[in-house]
Amino acid sequence: MTEANLVGIVLVSHSAAVAASVAELARGLTGGGTAVRVASAGGAEDGGLGTSAELIAGAAASVDAGAGVAVLTDLGSAVLTVKALLAEGDELPPGTRLVDAPFVEGAVAAVVTASTGADLAAVEAAAAEAYTYRKV
Amino acid sequence: MLDADFFRRWMTATAASVEREADRLTALDSPIGDADHGSNLRRGFAAVTATLEKEAPDTPGGVLTLAGRQLISTVGGASGPLYGTLLRRTGKALGDASEVSEADFAAAFRTGIEAVTTLGGAAPGDKTMVDALLPAVDALGDGFAAARTAAEEGAVATTPLQARKGRASYLGERSIGHQDPGATSSALLVAALAEANGD
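Going down the list, the protein sequences come from chains A and B.
Letter by letter, the first sequence follows residues 1 to 136 in the UniProt record's numbering.
Letter by letter, the second sequence follows residues 1 to 199 in the UniProt record's numbering.
One chain only, chain A, in its complex shape (with noise of 0.2 Å):
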């Protein structure tokens, strides 16, 4: 499996360790998954907390191995600026797709989906569907 299959994935989250961290733990529980590129955008660009629409085009087209890019958020601003990018039509690369999901479950699903080679749309319905796993 090479890099050029994979689709990359996005964190965006208010706060820049949150996102890193997020990357980070996803990426340790993919095992065999270290290929998936996987790319934070967290806080707003002078380090504070925020969102940055220029911080994301960025990571978006860091992760875009031409295979799609799916791009998890935590809330508010977040979702706002993407959908908004999404919007504008050429400021994320071609097959970015905002994924609705839980940020660190979602993370995890879909880093470790991406791993297996799987298409942005099986990576998408792993990433939405741990909205489903109940913890009690």
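Be a bit skeptical, because a hint or two may be false.
As the list claims (entries may be wrong) - Below, computed lysine-lysine pairings styled on DSS-like, alpha-carbon distance capped at 30 Å:
(1) B:Lys54 - A:Lys83
(2) B:Lys165 - A:Lys135
(3) A:Lys83 - B:Lys165
(4) B:Lys165 - B:Lys92
(5) A:Lys83 - B:Lys92
(6) B:Lys54 - B:Lys92
Stated by the list, open to error - Here are some of the chain A residues that sit facing chain B, going by a computed Cβ distance under 10 Å:
(7) Glu45
(8) Asp46
(9) Leu49
(10) Gly50
(11) Ala53
(12) Ala57
(13) Gly76
(14) Glu91
Read the hints as simulated data drawn from the structure, not as lab findings.
Quick caveat: nothing in here was measured; it's all calculated off a predicted structure.
Think of the CB as a built atom: it goes at the ideal place given N, C-alpha and C, for glycine as much as any other residue.
Go by the hints and put chain B onto chain A.
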């Protein structure tokens, strides 16, 4: 008829007004939000005026599309994609005409507001910018001054509402009694429209 200069004046007047009112917007955002609305919008509209000076688009649609794009990339809070989408969709709806009528603008502005409601999912009465923008566009047929009054009344009328969108909605009933910051800045945007027209 309204030309590119009119829309440039609108953006410049909005930037000046947001600059003057930034502390008030942030104060309104403190009890029910995260106290950054004034500073976020000030940064966004300052970037808009700088970009408009540099690139000088020569159509109304070009001015608003560029302004919207700039807001999406510089604001850093939810108001960036929301105001960015409002201006960008309004600009796209105006197409590449060199001048537009007030009626053309009203129709395009309504398209922009609909794009905001699609993006954010807010309905009238949810205590959001929509509560100032919708009354304003409904009043635009009576002129820019009427739209300004309608937007200001709409913003004030958000005070007794309970927030159902955004961060303020987590506060439930505690959001009641505070004027919505987004509706307030939307009223500034509409007031700047009247100012650009010399009303």
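| message | Hint aspartate 46 of chain A vs chain B: min CB-CB distance below 10 Å? | response | 8 Å, holds
| message | Check whether the Cα positions of lysine 165 of chain B and lysine 92 of chain B lie no farther apart than 30 Å. | response | Holds, at roughly 26 Å.
| message | Given glycine 50 of chain A as an interface hint, is its Cβ closer than 10 Å to any Cβ of chain B? | response | 4 Å, holds
| Status of the hint placing glycine 76 of chain A at chain B (closest C-beta pair under 10 Å) | 5 Å, holds
| said: Hint alanine 53 of chain A vs chain B: min CB-CB distance below 10 Å? | reply: Since chain B brings a Cβ to about 4 Å from alanine 53 of chain A, closer than 10 Å, the hint holds.
| said: Just to be careful, I want the Cα atoms of lysine 83 of chain A and lysine 92 of chain B compared with a cutoff of 30 Å; is the pair within it? | reply: 17 Å, holds
| task | Verify the interface restraint on glutamate 91 of chain A: the C-beta must sit less than 10 Å from at least one C-beta of chain B. | result | 8 Å, holds
| field | Hinted pair lysine 165 of chain B and lysine 135 of chain A, Cα distance within 30 Å | value | 27 Å, holds
| said: Does lysine 83 of chain A sit within 30 Å of lysine 54 of chain B, going by the straight-line distance between their CA atoms? | reply: 27 Å, holds
| task | Double-check glutamate 45 of chain A for me: the hint is only fine if its C-beta lies closer than 10 Å to a C-beta in chain B. | result | With a minimum Cβ separation of about 7 Å from chain B (threshold 10 Å), the hint on glutamate 45 of chain A holds.
| field | Satisfaction of the leucine 49 of chain A interface hint, Cβ to chain B closer than 10 Å | value | Because about 8 Å separates leucine 49 of chain A from the closest Cβ in chain B, which is inside the 10 Å limit, the hint holds.
| task | Would you mind confirming whether the straight-line C-alpha gap from lysine 83 of chain A to lysine 165 of chain B stays at or under 30 Å? | result | Holds, at about 16 Å.
When each numbered hint is compared with the structure, no violation occurs for any of them.
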